[in-house]
Amino acid sequence: EGSREVEISGVVIESDGGLRDTVQPGEGFTISIDLQADRPVDDPVVAFSVVSVATNHAVLEGGTADLGVPVGRVLGKKRVRFRVPPAPWSSGNYFVTVGLNDHDGRVFHVRTQHYPLVVPAPARPLQPTVVRLTAEVEDL
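According to this note's numbering, the sequence shown holds residues 415 to 554 in order.
Since the hints were made in silico from the structure, they are not lab data. For every residue, glycine included, the Cβ atom is placed at its ideal position computed from N, Cα and C. Be a bit skeptical, because a hint or two may be false.
[Stated by the list, open to error] Per label pair, the in silico range of CB-to-CB distance:
id: 1; residue 1: 470; residue 2: 553; range: 33 to 43 Å
id: 2; residue 1: 554; residue 2: 516; range: 18 to 28 Å
id: 3; residue 1: 516; residue 2: 495; range: 14 to 24 Å
id: 4; residue 1: 433; residue 2: 516; range: 31 to 41 Å
Start from the sequences and build out the full structure, keeping to the hints where you can.
So this is what it looks like as structure tokens:
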């Protein structure tokens with residue numbers, strides 16, 4: 415979906431414990447999104463949403479524009495990493511949606527509920543907390 419002027423070429427979800435696509439309750443994780451553009455695209459917005467399979471509602475959302483992180487020009491490959499700090503995630507199955515658009519909302523590429531994420535049941539009860547996202551951009 416989208417114009418594909420810049421595309422999502424890969425997504426990796428990795429927990430602080432080194433697991434792929436699985437995050438333990440109370441653990442942080444990183445969503446790495448690889449971008450690819452054959453022609454220059456200036457400062458696309460990169461965003462994600464973690465959606466509960468059980469409720470089909472977003473439980474966490476973030477984006478470079480919301481965080482004030484400029485992506486800059488994309489020509490060739492670039493990687494954006496969203497670092498999600500430790501939190502008491504509810505156990506269950508989730509999907510991660512990733513999207514690219516311009517600052518006016520024109521869609522370049524979206525992968526809707528494409529990437530699975532599993533949170534196993536916690537070994538002990540966890541306390542609620544507030545998380546603060548960060549993002550970084552890397553030329554590849």
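Hints versus structure:
Between residue 470 and residue 553 the CB atoms are about 36 Å apart, so this pair conforms to the stated range of 33 to 43 Å. For the pair residue 554 and residue 516, the supplied restraint of 18 to 28 Å holds, since their beta-carbon distance comes to about 21 Å. The beta-carbon spacing between residue 516 and residue 495, approximately 21 Å, falls within the hinted interval of 14 to 24 Å. Judged by the Cβ atoms, the range 31 to 41 Å given for residue 433 and residue 516 holds: they are separated by roughly 34 Å.
The structure meets every hint from the earlier list without exception.
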